[in-house]
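Number of protein chains: 2
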Amino acid sequence: MNMPLGHLRVAFLGPRASFSHQAAAESFGRTSADLLPHVSFADAFSALQQQEADYAVIPFENSTNGSVVQTLDLLADRNDLYKDVKVCGEYYLTVHHCLLVRKGTYPSGWEGYDGSITKLYTHPQAWGQCEQLLSQYFKGVERQDVSSTSKGAEIVSKETEERGAAIASRFAAEYHGVDVLKENIEDRADNTTRFLILRNMRAERTAQLELEQPNVLGQDRPAAPTTRKTLISFAIDHSLPGALANALLIFKAHGLNLTSINTRPSLKRAWQYIFFVECGRTPSDENKEAVHKALDDLRHVTEFCRDLGTWNDQLG
Amino acid sequence: MNMPLGHLRVAFLGPRASFSHQAAAESFGRTSADLLPHVSFADAFSALQQQEADYAVIPFENSTNGSVVQTLDLLADRNDLYKDVKVCGEYYLTVHHCLLVRKGTYPSGWEGYDGSITKLYTHPQAWGQCEQLLSQYFKGVERQDVSSTSKGAEIVSKETEERGAAIASRFAAEYHGVDVLKENIEDRADNTTRFLILRNMRAERTAQLELEQPNVLGQDRPAAPTTRKTLISFAIDHSLPGALANALLIFKAHGLNLTSINTRPSLKRAWQYIFFVECGRTPSDENKEAVHKALDDLRHVTEFCRDLGTWNDQLG
Chain Y
1 MNMPLGHLRV
11 AFLGPRASFS
21 HQAAAESFGR
31 TSADLLPHVS
41 FADAFSALQQ
51 QEADYAVIPF
61 ENSTNGSVVQ
71 TLDLLADRND
81 LYKDVKVCGE
91 YYLTVHHCLL
101 VRKGTYPSGW
111 EGYDGSITKL
121 YTHPQAWGQC
131 EQLLSQYFKG
141 VERQDVSSTS
151 KGAEIVSKET
161 EERGAAIASR
171 FAAEYHGVDV
181 LKENIEDRAD
191 NTTRFLILRN
201 MRAERTAQLE
211 LEQPNVLGQD
221 RPAAPTTRKT
231 LISFAIDHSL
241 PGALANALLI
251 FKAHGLNLTS
261 INTRPSLKRA
271 WQYIFFVECG
281 RTPSDENKEA
291 VHKALDDLRH
301 VTEFCRDLGT
311 WNDQLG
Chain S
1 MNMPLGHLRV
11 AFLGPRASFS
21 HQAAAESFGR
31 TSADLLPHVS
41 FADAFSALQQ
51 QEADYAVIPF
61 ENSTNGSVVQ
71 TLDLLADRND
81 LYKDVKVCGE
91 YYLTVHHCLL
101 VRKGTYPSGW
111 EGYDGSITKL
121 YTHPQAWGQC
131 EQLLSQYFKG
141 VERQDVSSTS
151 KGAEIVSKET
161 EERGAAIASR
171 FAAEYHGVDV
181 LKENIEDRAD
191 NTTRFLILRN
201 MRAERTAQLE
211 LEQPNVLGQD
221 RPAAPTTRKT
231 LISFAIDHSL
241 PGALANALLI
251 FKAHGLNLTS
261 INTRPSLKRA
271 WQYIFFVECG
281 RTPSDENKEA
291 VHKALDDLRH
301 VTEFCRDLGT
311 WNDQLG
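Protein sequences appear in the order of chains Y and S. Under full-length UniProt numbering, the residues of the first sequence are numbered 1 to 316, in order. Under full-length UniProt numbering, the residues of the second sequence are numbered 1 to 316, in order.
Be careful, since some hints might not be right.
Same chains, same names: a pair is fine if it fits in one copy or spans any two.
Calculated pairs, DSBU-like style, for lysine-lysine (alpha carbon to alpha carbon, straight line, at most 30 Å) [unchecked claim]: (1) Lys252 - Lys293; (2) Lys268 - Lys182; (3) Lys288 - Lys158; (4) Lys288 - Lys252.
Since the hints were derived computationally from the structure, they do not count as laboratory data.
Just chain Y, with the same shape it has in the complex (with noise of 0.2 Å):
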């Protein structure tokens, strides 16, 4: 199967070097598909409506921090902006921190360290991170926020006088041509990223390259995929008892598992939620038509209901 990978346009939550463009480059891969970084959740999602990109890579949750209140919002789309955007894919990418320094500072590396780093650059939530690096060796140190990790290793990058240090990936000091220092150095190892690989509906360019799961491209695809996952949101009248239960009760009645549920304030009424419910089904003849069908069911307990989405679960 050989697709004109090179003109794919995949869009991601910059800045370069973000955790979004390496889990974009890892999906797509390195060189076949211009990855394009986006100021904000909005305009990545913005940029594939308007199909200036074919698809879009955006964090979904993680698995300490939980979801990614952004991203729910854009996808609960009170406004009618991104009607065509539609899950068809996931990524996980596990989060690693770096202590990133400037090339050719520590010829003998951290077993040569001599403790003179005078100041750490990373977004402030790295910090809690990588608490029991910090607390062990850089007691007192100076530390500066920045708007982003990989912001961290391109001051590091041009720095000339002072003896900083950024945390940040792998990903972010090959790009920014700095040296890894010392790796692995998160508290927790299994600090995960999921991120939902986007596309618009109605792209003939992607719909043509039926890529259903991008990242699984040249690898062996197995026949039949363990698990299929949807998202669906949906709003209810909360006046109405026992609503709520009615809908859920309807993915159960057409064998699809609920996996997961978040709420975002509906916006419209205070108090009044849209429901974001992730359900899986291990594909079978008798369940084929199952996600059409409960999509029927729910538009007759709902306020609204909106399909996002199926695709192949990457952990089942």
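We have chain Y; now place chain S onto it with these hints.
For chain S alone, coordinates are given in the frame of chain Y:
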């Protein structure tokens, strides 16, 4: 019903004059209880568990921004630190912002405002909530982020050289002794935060008071409350298909109407969650035992479940 309210100790999320302080003051009365600021959510929970406070008033969700994850994470209580803490009430506070200036700076008020303010202070979240006024009257004026809206009011109260203004509540204006130059400057008039009122279920002090709903003290308490709300947390084994649906079905089976569902990572295994289910019932002889029975059933289909308390709905 005369209670020794003067001795009540109520923990709130500080600093003083925060929205939590205001919620605590309005729930418990400004003079009849000792209101104690706590620097973090965890400190407030600890104070309650250690019986250094009788109640705690903690933000739970906002009608625009959604759930407060710090509160959910503490209610999840993954390390059994707060096992006696339960919800006993709720309080809704509508968030009104004011433009605050040092006392006497603008004696003719907003009508006579001459455009001389050179610097604005507020919490980062508040800028976005007052965009209309800011874009109309304060384009290009320097903005300084501060750790709380109350802190901004404090800074302005002490200013001598600059012409600064803070965006904060009227409550903060009164506390810090500054003038309200313009009130209700928020874009959305309906931005409301729901606070939970927590107590230590083993504390004799609060048990004697029988204060399930402290903020209705002194008001005409309805003979029969319209709705009783209950919060229950649980985790399920996701490898069992249908486990989540089965757990949610139990609420319906006992006549408990699901009103909201929140999730947080379990932090035991990636992509496993702790669910927080809020449900309501109109009290009747038939459903007196409904919560108790639902919990009994939940124990059979969940890895753990916990009763986080029952209280009177303040909206219904």
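Hint-by-hint comparison with the structure:
no.: 1; hint: Lys252 - Lys293; in the structure: both (12 Å within a copy, 23 Å between copies)
no.: 2; hint: Lys268 - Lys182; in the structure: between (49 Å within a copy, 27 Å between copies)
no.: 3; hint: Lys288 - Lys158; in the structure: neither (56 Å within a copy, 68 Å between copies)
no.: 4; hint: Lys288 - Lys252; in the structure: both (15 Å within a copy, 29 Å between copies)
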